[in-house]
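Q: Given the coordinates of chain A, work out where chain B should sit on it, guided by the hints.
2 protein chains.
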Amino acid sequence: MLVGNAIVGQSGGPTSAINATLSGIIRGASRCDSIKKLFGMKNGIEGFLDEEIIDLSFLFHDEDKLSLLETTPACALGSCRKKLPNLDTPSDVFAKIFEIFKKNDIRFFFYIGGNDSMDTAYKLSEYAKTIEYEIRIIGVPKTIDNDLPCTDHAPGYGSAAKFIATAVSEIATDCAVYKTRAVTIIEAMGRDAGWLACAGALARKYNGMGADLIYLPETPFYDNEFISAIEKCFKSHPNVVVLVSEGIRYENGEYVGASKQSGMVDVFGHRYLAGTAKNLEALVKQEIGCKVRSIELNLLQRCSSHILSATDISESVAIGKRAVELADSGQSGIMLTFVRKESERYEIDISCVSLEKVARRVKYVPRSFINSEGNNVTEECIDYISPLILGEMQIKYENGVPVHIRL
Amino acid sequence: MLVGNAIVGQSGGPTSAINATLSGIIRGASRCDSIKKLFGMKNGIEGFLDEEIIDLSFLFHDEDKLSLLETTPACALGSCRKKLPNLDTPSDVFAKIFEIFKKNDIRFFFYIGGNDSMDTAYKLSEYAKTIEYEIRIIGVPKTIDNDLPCTDHAPGYGSAAKFIATAVSEIATDCAVYKTRAVTIIEAMGRDAGWLACAGALARKYNGMGADLIYLPETPFYDNEFISAIEKCFKSHPNVVVLVSEGIRYENGEYVGASKQSGMVDVFGHRYLAGTAKNLEALVKQEIGCKVRSIELNLLQRCSSHILSATDISESVAIGKRAVELADSGQSGIMLTFVRKESERYEIDISCVSLEKVARRVKYVPRSFINSEGNNVTEECIDYISPLILGEMQIKYENGVPVHIRL
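Residue numbers (my numbering), protein chains in the order written: chain A, 1 to 407; chain B, 1 to 407.
Among these hints, one or two may not hold up.
For chains that are exact copies, the list does not tell them apart, and a pair is met inside one copy or across any two.
What the hints assert, rightly or not - Result set (SDA-like, lysine to any residue): computed pairs, CA atoms no more than 20 Å apart in a straight line:
hint: 1; residue 1: Lys205; residue 2: Met393
hint: 2; residue 1: Lys37; residue 2: Glu356
hint: 3; residue 1: Lys291; residue 2: Asn86
hint: 4; residue 1: Lys83; residue 2: Lys291
hint: 5; residue 1: Lys103; residue 2: Pro149
hint: 6; residue 1: Lys235; residue 2: Ala182
hint: 7; residue 1: Lys232; residue 2: Arg191
hint: 8; residue 1: Lys396; residue 2: Ala310
hint: 9; residue 1: Lys291; residue 2: Val339
hint: 10; residue 1: Lys396; residue 2: Thr311
hint: 11; residue 1: Lys235; residue 2: Phe98
Hints were generated in silico from the structure; no laboratory data involved. Every value quoted in this text rests on a predicted model; they were computed, and no experiment measured them.
So that you can see chain A by itself, here it is in the shape it has in the complex (with noise of 0.2 Å):
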């Protein structure tokens, strides 16, 4: 039996769930005999590397804090974006590594992250079959992208998805009260893959009130199709909300914020990025002439835990839990996964996979989830994302704002 200390660490963007599985790590080292200490790094690998660790058994078995932190947002022990070299690169960054988990005798290393910090967890888990010392490395999921393969869905993605299911429908609703036509373009995040702005979909099946069209990087944008498809809406009601990806691309693979649709220059001459929402406006504006409105998503999208699915946040705190369980029976070398059961409610157990198997991978929305013309999704897509933003945390308000928890 492998005995001591662990260590957790944050990578990569911030998700609103991201603290729920710190939670439930915290909550199942204080659970496991086997982990004498848990100590988190501060800002990733990065701050690893400069020995910025602090222990977190002050919060083992304190309900309060815990439960504060599952809907704290962002990522409470900092994140960083540091990519590890290749493992036949030379360089001295694992040996450092690795002689910093010696001196504080860590034995359990948990890497909560994306596709890029289950590459650094995987190079980690690599690296230390060459070496003589024992250590179990875990990877645990999170993005709000919901791009990680080998897993039904990425812890954080469900907050995400429910954050912008309601405040698309809460933007249609306000947009729908003037009789003058108008189009608004509400951009979601999703560079490579449009699971965010699958979300939108939800608002219109559950609410009343949502997007008409919707646009995802997995097909590709045609100018011309657009306008058709807001013309068209346009006969059945003044008000047309549109939401997109930002990673949405034309044909030949440009992407669609970078065109030169807006003919915009800077005084250097620079072709200017006005976003994938801002270049969609100047187009209806040229094409239909209407009022239109853009409308980024931003960063809200993946910080708004005062709206949390409570379903991701109990998965996004099991999935942490279940961490500390395979990394005290010998597993090592893994990223957790969620499989979806074959039963008529919604049930998920928590699996595993092979780090080398998800390490920099992209899942994209598959075709059966998008319309023929490209411009929505199926109902299959919303049976898949339905179950995932069900259920609301209760929120901690302490003079009117949310209370939050600082590491």
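A: Same frame as chain A, now just chain B:
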């Protein structure tokens, strides 16, 4: 005693609380013996001119529907931006409006709106004096901008302020996860008055994470002072968060959002209105060269009814009820107002003021609410806003998204 039908309309930009005031008027009318039927005008006075009116009596005493209405965003009756002609201009519009009043035996007229809508109500009440038809004309305030004079604050402001305080705290928490220097510029609405941006200070005070710098239209903006202020912030932390009103201006009166700062021109050579935060993003990039991001809160600040101030909603309902009582008691040509009592605990009275005194006038943020450098707000400002965002509403969700009512 005047007995007849009543009508209510909503006008101007939507807020998260304008339907709560509508609910208050419905609640008031259902208990008022002088009111036989309560009609709602679709799309304000514009729809009324087309006789688009609906009978709202089906909502009388329907507690479930009224509760839902109170947490439904935007204007359930639709809105308009129609401006009535001046009374000394030849026009048949007033005669037409009063003809429809007579035809439907409308004796009580309630108009929920901001500065421009109060102008409409004022003109109708002045016209009413010139003819032989008794009708009581009542203006009921709403505006997230909080720029209506003669009232301590406007219904709708508290909920918008609560959203802004919460969103700014979440964005600031999200931005603080990396160690690298970065500036995040958040843009709140407010073309002339900076009340909404002021709310960002509550995030800092009560959540610990908020805007480092706040700029309002009430004081002139200087590029060089802005850059120096950011550099000063960098001395204590690497992530600087700035909150600006969309309407901030240079000393010469030019809007920062319209400036040639970014030097953008479109394909026709037209100057491009990039937006205030977007222009400041370009300025910071040029002058400091660090990572910089701009975020427009956009429509969400006025329609995020999933996070409401319970104080705002209960006051918005109360002012609607009181409007009916005052009309019943013989008042006309008035706008209802909130008067803050001189008590230690926050308490308000509902009073009224002649419409003439409010129509098309603007209440600015007083100088004593702004610090001497013009880059933040004072404790006096925070003390003013704090009670307005208190309390949370129970929001009804189905299938993971909020339930709204459609009329």
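Q: Give a verdict on every hint.
A: Each hint, compared with the structure:
1. Lys205 / Met393: The answer is neither: 22 Å in one copy and 24 Å across copies each exceed 20 Å.
2. Lys37 / Glu356: neither (28 Å within a copy, 70 Å between copies)
3. Lys291 / Asn86: neither (51 Å within a copy, 27 Å between copies)
4. Lys83 / Lys291: So Lys83 and Lys291 pass the 20 Å test across copies only (19 Å; inside, 44 Å).
5. Lys103 / Pro149: neither (35 Å within a copy, 66 Å between copies)
6. Lys235 / Ala182: Classified as within: same-chain Cα gap 13 Å, cross-chain 46 Å, threshold 20 Å.
7. Lys232 / Arg191: For Lys232 and Arg191, neither the intra-copy (28 Å) nor the inter-copy (34 Å) Cα distance is at most 20 Å.
8. Lys396 / Ala310: both (14 Å within a copy, 15 Å between copies)
9. Lys291 / Val339: Neither. Shortest intra-copy (45 Å) and inter-copy (38 Å) distances fail the 20 Å Cα cut-off.
10. Lys396 / Thr311: Answer is both; intra-copy 18 Å and inter-copy 17 Å each pass.
11. Lys235 / Phe98: Neither. Shortest intra-copy (65 Å) and inter-copy (34 Å) distances fail the 20 Å Cα cut-off.
The earlier numbered hints that this structure contradicts are 1, 2, 3, 5, 7, 9, 11.
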